[in-house]
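**Student:** Residue 2 is where the sequence shown starts when you use the numbering used here, and the numbers rise one by one after that.
A few of these clues could be false.
Derived CB-CB ranges, DEER-like [as the list claims (entries may be wrong)]: (1) 205 - 84: 27 to 37 Å; (2) 232 - 269: 16 to 26 Å; (3) 263 - 28: 42 to 52 Å; (4) 269 - 61: 19 to 29 Å; (5) 7 - 259: 45 to 55 Å; (6) 98 - 53: 16 to 26 Å; (7) 210 - 269: 20 to 30 Å; (8) 74 - 112: 48 to 58 Å.
Derived from the structure by calculation, the hints contain no laboratory data.
Glycine included, C-beta positions come from ideal geometry on N, C-alpha and C.
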Amino acid sequence: MNPPGPVAAECVLPLPAAYRRDDLLAFHARDPRRLAEHVSAKGLDKGVIWQGRPARLSLRFQESAARLQLHVDASAPATAGFQAWASRFLGLDQPVAPFTQALGGHPRLGPLIAACPELRLPQAATPFEALAWAIIGQQISLAAAIALRGRFIETCGCRWGDLACFPDADAVLAVSPARLTAAGLSLSKAGALLTVAAAVRDGSLPLDDWWHHRAPAGMIRESLLAVRGIGPWTADYALLRGFGHPDASLHGDVAVRRGLQALLGLPEKPTAAHTAAWLEAFSPWRTLVAAHLWRLG
């Protein structure tokens, strides 16, 4: 392994007593090639783009805290927002306690919450990464999406030492549509990725500003749905993995619908419309409800 390089930013964040670190590690360990993430029982190293520069995130769990370091070259921009970013990356801003208080006594959801306390939604490094991943994963299996994600990352060519970095919008725009399709992306997915990247660059999709200012979920969703190639599932996935919104409705997700089938004892998997109607009663907590349904699906 190459040395990580100079530390541009560092913070140590206390963790709740029942923090589910294994959930975060499992989410970032899905790629068996370990292309952009190196995960161990102690933590992870992840290749990221920080304010336009390739960087290495190092996360190490301690007994009751997490130490995060950002390695960027000496000419990198300021890293004043690193601690706030780190807290949201760990999911520490997700309203788990109010959610548990509100729904812990629910006859159906209460036992699920009690069986899996402190359940949080692991986050992508940036909203753009979450949205790009959602586009890549449209209408294919998880295994196929992971393999395609790896080829996409390799095609964009951003690296920090022995880690590839998930590209930002500028890195995607530097790649031709032909190279994206040669990597295995369909024409529609390549087009959607380039359209989103161009909109991020020109400011019509200010994903990072929305993240920083905690823009309303409805506004973000409506803006994303106006982009060709982004449907409801893609927009909702970006909301939950890229923005950590607690009220994104994952009613179109197959695993959520399977989980609801198991929870309600239904003979068949409910439709997306049925699932949306059932989840609506749990606003503003639909994301966290969906997380518990995922465990059943």
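**Student:** Run every hint past the structure and note whether it holds.
**Tutor:** We went through each hint and held it up to the structure:
The hint said 27 to 37 Å for the Cβ distance between residue 205 and residue 84, and at roughly 29 Å that hint holds. A C-beta distance of roughly 23 Å is found between residue 232 and residue 269, which places it inside the suggested range of 16 to 26 Å. A C-beta distance of roughly 22 Å is found between residue 263 and residue 28, which places it outside the suggested range of 42 to 52 Å. Judged by the Cβ atoms, the range 19 to 29 Å given for residue 269 and residue 61 is violated: they are separated by roughly 46 Å.
Distance hint check for residue 7 and residue 259: the Cβ-Cβ separation is about 47 Å, which falls inside the suggested range of 45 to 55 Å. In this structure the hint that residue 98 and residue 53 lie 16 to 26 Å apart at CB is violated, the actual value being about 36 Å. Between residue 210 and residue 269 the beta carbons are some 43 Å apart, a value that contradicts the proposed interval 20 to 30 Å. One distance hint, 48 to 58 Å for the beta-carbon pair residue 74 and residue 112, holds here, with the actual separation near 50 Å.
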